[in-house]
Amino acid sequence: MKIGKPKAEPPDQSEFDGFVRSAGRKLPDAQNAALSPDSRFILAYDAAHSLALAALRWHGFRSENRYIVFRVLGSTASFPVAKWRFLDNCHQKRNIALYDGDYAEDEQLISELIKMAGELEVAVKALGPAGP
281 MKIGKPKAEP PDQSEFDGFV RSAGRKLPDA QNAALSPDSR FILAYDAAHS
331 LALAALRWHG FRSENRYIVF RVLGSTASFP VAKWRFLDNC HQKRNIALYD
381 GDYAEDEQLI SELIKMAGEL EVAVKALGPA GP
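When we follow the numbering used here, the leftmost residue of the sequence shown carries the number 281, and every step to the right adds one.
Treat the hints loosely; a few may be bogus.
What the hints assert, rightly or not - Here are the computed distance ranges between Cβ atoms for each label pair:
1) Asp382 / Leu315: 17 to 27 Å
2) Ser316 / Arg346: 15 to 25 Å
3) Pro409 / Ala384: 38 to 48 Å
4) Asn345 / Ser316: 20 to 30 Å
If you're looking for bench data, these hints aren't it; they were derived computationally from the structure.
Just so it is clear, CB atoms sit at the ideal spot from N, CA and C, and this is done for glycine as well.
Please work from the sequences and hints to get the whole structure.
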């Protein structure tokens, strides 16, 4: 079996910007209390994932596996271990909800995920322009 590790690929400013824009649209929607908790969770997760992808691409890498982007946040966005592990845990919860249909409503988790995605957004935007 092939282990998915980040692969080197030159950074692309438009791709980086697209990931940041995508997160910028999803994060406010995740805060909309009129939406169902599972929708809000997925929106917040997707925002965090887009930002983690942006950070990875900024450094000139791409990954074929979704979980990798969170596990390298210490290197790509100077995110502390506890924070990237939280996002990695959210990835596991997302998989259970998506593939097993077992979503456990958890407003505290959603709030923390929204907060963490916001912190990641700040960290990613602080990276500056992508590419040489």
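Hint by hint, here is what the structure shows:
| no. | hint | in the structure |
| --- | --- | --- |
| 1 | Asp382 / Leu315: 17 to 27 Å | holds (20 Å) |
| 2 | Ser316 / Arg346: 15 to 25 Å | holds (22 Å) |
| 3 | Pro409 / Ala384: 38 to 48 Å | holds (40 Å) |
| 4 | Asn345 / Ser316: 20 to 30 Å | holds (28 Å) |
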